[in-house]
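Student: Please build the complete structure, drawing on both the sequences and the hints.
2 protein chains.
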Amino acid sequence: MKKYIQEQKDWIDKEVYKRIEELTEEGRLRDAIMYSMEAGGKRLRPLLMKATFDSFSSEKPVYISAAVALEMVHTYSLIHDDLPAMDDDDLRRGQKTNHKEFDEATAILAGDSLLTMSFEMITADAHLTSDQKVFIVQQLSAAAGPKGMVSGQMWDMQHEDLETDVETLKTIHLNKTGRLIAFSIVTGGYLAGLQENSLKKLREAGAAVGLIFQIQDDILDVTGDKEKLGKPVGSDESNKKSTYPKLLGLEGAKQEKQKYEKTVESILRELEAEGTPVAELISYMSQREY
Amino acid sequence: MKKYIQEQKDWIDKEVYKRIEELTEEGRLRDAIMYSMEAGGKRLRPLLMKATFDSFSSEKPVYISAAVALEMVHTYSLIHDDLPAMDDDDLRRGQKTNHKEFDEATAILAGDSLLTMSFEMITADAHLTSDQKVFIVQQLSAAAGPKGMVSGQMWDMQHEDLETDVETLKTIHLNKTGRLIAFSIVTGGYLAGLQENSLKKLREAGAAVGLIFQIQDDILDVTGDKEKLGKPVGSDESNKKSTYPKLLGLEGAKQEKQKYEKTVESILRELEAEGTPVAELISYMSQREY
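Protein chains in written order, with UniProt numbering: chain Z, 1 to 290; chain V, 1 to 290.
Source of the hints: derived by calculation from the structure; they are not laboratory data. Some hints could be false.
You can't tell identical chains apart in this list, so a pair holds if it fits in one copy or across any two.
To be verified - Only pairs whose alpha carbons sit at most 30 Å apart, straight line, appear in this in silico BS3-like list of lysine-lysine:
hint	residue 1	residue 2
1	K100	K240
2	K228	K200
3	K200	K18
4	K226	K200
5	K240	K200
6	K228	K170
7	K259	K96
8	K170	K14
9	K100	K241
10	K14	K240
11	K9	K60
Note that the coordinates shown come from a computational prediction; the quantities given were computed from them, not determined experimentally.
Tutor: See below:
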């Protein structure tokens, strides 16, 4: 599975860089955009979209611009979240954050660019019908906007210094990370030809997948191996960040994760998708050690 | 004409507020979005779209979501441009800027929200066909993105402290304001049913209109009446900002503006659009005193 993920990462990276060169001009702004898009990351969201598509279709891939757009929206959100006025982070994945490597103004505009380009790229894709483009733009903007990802970030900041309960934490993660992850799975299914009742189930599974990944992230910050993770453990503790292990204990967090794993399994069973690439990828990611 | 503009402003405002209520949840983020959308402004861009549509069609209006989306994208750009890391402005139109009234993080997210919502709104509009939605999203994202408005802002910041020549100033304005103004006119024409060869001409006219408005802005900052403008004059001088009167002298700036007025007139004549609402609106705005 690790090898599969690495292989997929290669084509995704290639597509990402190609689109950035097409949609930007040479110069500092492109350099800043490229810097953050190159800064590693598992390309988990595009991968989930591809795996879902492959689980329900053997047609040729039509998800590429949607997958790249999704990764761009994800990266824009990281650049803006890292800004001094937001989470004020100097490092991400061991590298300087965008505003540290460049400057704040450039980082703001690089994020704005990525968000805007993602919609341009989808509408310019010659392999999609107009109806498909409209579906993707609508779902992506709804997932990323003020009833989705942005509201998650807003809540996150407003609850930073407060005692958070599990319900609030769940709401934050459902919006902040769950909506884009659900988008990746729903869009993969949509482009594979699934109908609205199946997409509704995938949306529900996607929300659960977002929570699984977040809880596993929190667990790894307690039990993880620094070498495998490539980052220090225990940073949530020192950051006073609310996490599942803090609110529920380590065992409680693992049980919470299992609950969502069962939700996902049951939905995939209904869709007759046991043992498919998406089922395997989710299961692998939920047990991951890095 | 002033009365016509005021009447139009009313329906545009109403539509803007309705959409924000639909697409956001109650709370601080919505308040911040609403604050900047309510902060006045002439609604010039939506107005130009409507006037262009009315000049070439007597069908019922289908431009409303595109017009509101455009105003949202314009407002997002103002919120981000005012940020401390960018132009660092405390006031806009006599009111506190968004980050002064709220805070920087909220202002960044309010801008991000408006940009994202604009695309969501277009794709959700039941009065447009999928082809129309794709056209509008593609044109708007291209106009607003890193080969359009954002690149204009990037250039503007990079040339702030340098001696700017007229060519550079023109490039900045063509991107920073010209592209969205061209979008308003082109989209009005497109929705009215004009074909690609006419839209190409409108795009050219739109770029010229952007420059006319910018030059008139610069001229008013020298010759304007503080009472009519509702803001102090001479602020460009004290800001060390590059302007047309500074580079060409007041007479030179007026001549430059006339050059673009002739371009616009000649294009509108080719399109048999003399004396139409869009011709009158452009002519009024180019002579405006406020």
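Student: Taking the hints in turn, state whether each one holds.
Tutor: Comparing the hints with the structure gives:
{"no.": "1", "hint": "K100 - K240", "verdict": "both (23 Å within a copy, 28 Å between copies)"}
{"no.": "2", "hint": "K228 - K200", "verdict": "neither (36 Å within a copy, 55 Å between copies)"}
{"no.": "3", "hint": "K200 - K18", "verdict": "between (33 Å within a copy, 28 Å between copies)"}
{"no.": "4", "hint": "K226 - K200", "verdict": "neither (38 Å within a copy, 57 Å between copies)"}
{"no.": "5", "hint": "K240 - K200", "verdict": "neither (36 Å within a copy, 56 Å between copies)"}
{"no.": "6", "hint": "K228 - K170", "verdict": "within (27 Å within a copy, 52 Å between copies)"}
{"no.": "7", "hint": "K259 - K96", "verdict": "neither (37 Å within a copy, 48 Å between copies)"}
{"no.": "8", "hint": "K170 - K14", "verdict": "neither (34 Å within a copy, 35 Å between copies)"}
{"no.": "9", "hint": "K100 - K241", "verdict": "both (23 Å within a copy, 27 Å between copies)"}
{"no.": "10", "hint": "K14 - K240", "verdict": "neither (38 Å within a copy, 43 Å between copies)"}
{"no.": "11", "hint": "K9 - K60", "verdict": "within (18 Å within a copy, 49 Å between copies)"}
When held up to the earlier numbered hints, the structure conflicts with 2, 4, 5, 7, 8, 10 and fits the remainder.
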